[in-house]
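J.: In case you want the letters, here they are:
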Amino acid sequence: MNIFFQQLLNGLTLGSVYALVALGLTLVYGILHIPNFAHGALYMVGAYVAFYLVGAAGANYWVAMLGAAAFVALLAVLSDRLVFHRLRNAPPLHDMIAAIGLLLFLEAGVQAIWGAEFHRLAPPYTQIVRVFDLVAPAQRLIIIAAAFGLMLVLHLFLTRTLTGSTIIAMAQNREGASLVGIDATKVSVLTFAISGALAAVAATLFAPINLVYPSMGHLVIMKAFVIIIIGGMGSIPGAIIGGLVIGFAESFGAFYVSTDYKDIIAFALLVLILSIRPQGLFPSGAR
Amino acid sequence: MPSKTFQKPLLAVLLALGIVFPMIAANDYYIYVMSLAYIMAIAAVGLNLILGYTGQLNLAHAGFMAIGAYTVGILTVDYGVPYWAAFALAGILSAFIGFFAGLISLRLKGHFFSIFTLCVGFIIYLIIEKWDALTHGTVGIIDIPAPTGLGPIRFDNTWSQYYLVLFFLVVSMWVMSRIVNSLLGRAFLAIRNGEDLAETLGINLMRTKVLAFVLSTFYAGLAGALYAGFVRFIGPGMALESHTFDMIAFILVGGIGTLFGPLLGAVLLTWLTQSLQFLQDYRMIVFGPLLILLVMYFPQGLIGFYRQRQARRAAASAKDRRTQRAVVGTAQEARTNA
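Quick mapping for you: the protein sequence lines, in order, are chains A and B.
Under the numbering used here, think of the first position of the first sequence as 5, with each following residue one higher.
Under the numbering used here, think of the first position of the second sequence as 766, with each following residue one higher.
Read the hints as simulated data drawn from the structure, not as lab findings.
If you're wondering where the values come from, they're calculated on a predicted model, not measured in any experiment.
Mixed in with the good hints, there may be bad ones.
If you want the footprint, here are the derived chain B segments under chain A, 3+ residues with CB under 8 Å [as the list claims (entries may be wrong)]:
1) 876-885
2) 955-962
3) 1010-1020
All residues carry an ideal CB built from backbone N, CA and C; glycine is no exception.
Hey, can you work out the whole structure from these sequences and the hints?
T.: Here is the structure:
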């Protein structure tokens, strides 16, 4: 029972981090209609900024998270204005290659500043929470609580506020949104800022129980892609459900199948699902 | 559009340059670098078939190159198979795995295909890294034997290996030119230019795309096999997507969808990286923005740019001739009327 609970907790932790990253990716896909390969690099930059703020600047963990979110949001907006916006009318292939260029640049940049070695973000909360005979490290509970809290806020923002609705409207129908007077530039800046901030928060939450290194974004971004393909490109509930599915598949797979191959599970799942259903589990529009 | 930019004399000059290069190179190291550039060019030429001619961004290409390299590495080191037997198997195995990967991944279109192949590449990487018993895991395979001699020819020094690689490069380029200038090549182009239209023309989309994919993975396997025999050390890192990105950079710089673009790009960028040796780890600080600027301002690459300029000039001179003829015509008309 205890072991099962442990895996459940692990799955929930992983799933909520993946879901946050996938949410940002899916929001940007809704606006841009390109897979932003640089999203994983944004995640990685977020972890480094938080690491720097906590380590060198001695900031509080939550302040560092805010700082990282703000910095990466700015970086994401810049990438939109300087790169993606200018390629609006280019073939999709060019956007994808530009995103790859951005990814390579950010990774090399971080490596030039902080080196290729592994870093560790000191865990802010080292307590162990005990409920009856179940134990849970506080950091994991914080990840889960913070991630789901953020998802709830995002959901309320997107559905209950006018500004949020403009993002949904733009994702649903670009021309229609423009017709009713929604400013495409504003929406795209906002979307990129949110997606960058989500990536940075996810990275900062996850960093204390993981390591910080230049290629840390690779696996996460690929899993995020798997998630949004499974959950349906551009679908917000799909990203959350997909994140949890992959999180659980990984934690239980690592335990009951093999720790070595736990990273393959997500991809094997994708291959399996797409072999049987090329349109994904929750088909959304053309693919 | 079959390439008529590179006519026979120019081709002969290129080939002659390739042949005399070792004689004019300052030292063996230059020959070594050039051979590596050729090997990467073979892989990039293969990627260009699916990316440039068929319009599908396959991000698993480095993975297939690694499959070729590991086939040679594992068979020669662990099983004592002769190099050339392993070499022949390498291309076939890559193409074989490519066939199944293509069958699944090409059911997806556009972005989904790219994302899916990104995952396929990563699966290949993870399998190579984790399957210790077969692939030696993170340690990699060391001491891969150099290609064994064929008859009187031996491949035990950089010079002879350079010519071996050059030979395969020339053959690969020749075969590729036959492919892209054939009816099949037109079918690839038709798919790139519009899948719906291609299908209306009676092209079997799936079969044609899978064929392009299999051919391109065969090239990757061949390049990998050459790499294994030439560098004689391979590690799981060669399957990483960053190597696919390198190849994309080669193709973009030289000219996407052109026969010689990937070769030109591979040679140019390899030498650029060599001269930026101090940047080795950070070369992506230069390459990343370079990729972005290329797709923004120079998406057709060097050869594409050259060809475009030629086409423009031809159009201009044709127009000149036409107006001239028109002027002469009216003058004659005026004379006969008079």
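J.: Check, residue by residue, whether the region 1010-1020 of chain B contains three or more positions whose beta-carbon lies closer than 8 Å to a beta-carbon of chain A, and give the verdict.
T.: holds (count 3)
J.: Taking a Cβ-Cβ distance under 8 Å as contact, does the region 876-885 of chain B have three or more residues in contact with chain A?
T.: holds (count 8)
J.: Establish whether the coverage given for the region 955-962 of chain B by chain A is satisfied; the threshold is a Cβ-Cβ distance below 8 Å, and no fewer than three residues must meet it.
T.: The restraint on the region 955-962 of chain B is violated, since only 0 of its residues have a Cβ under 8 Å from chain A and three are required.
Hint 2 from the list above is the single one not met by this structure.
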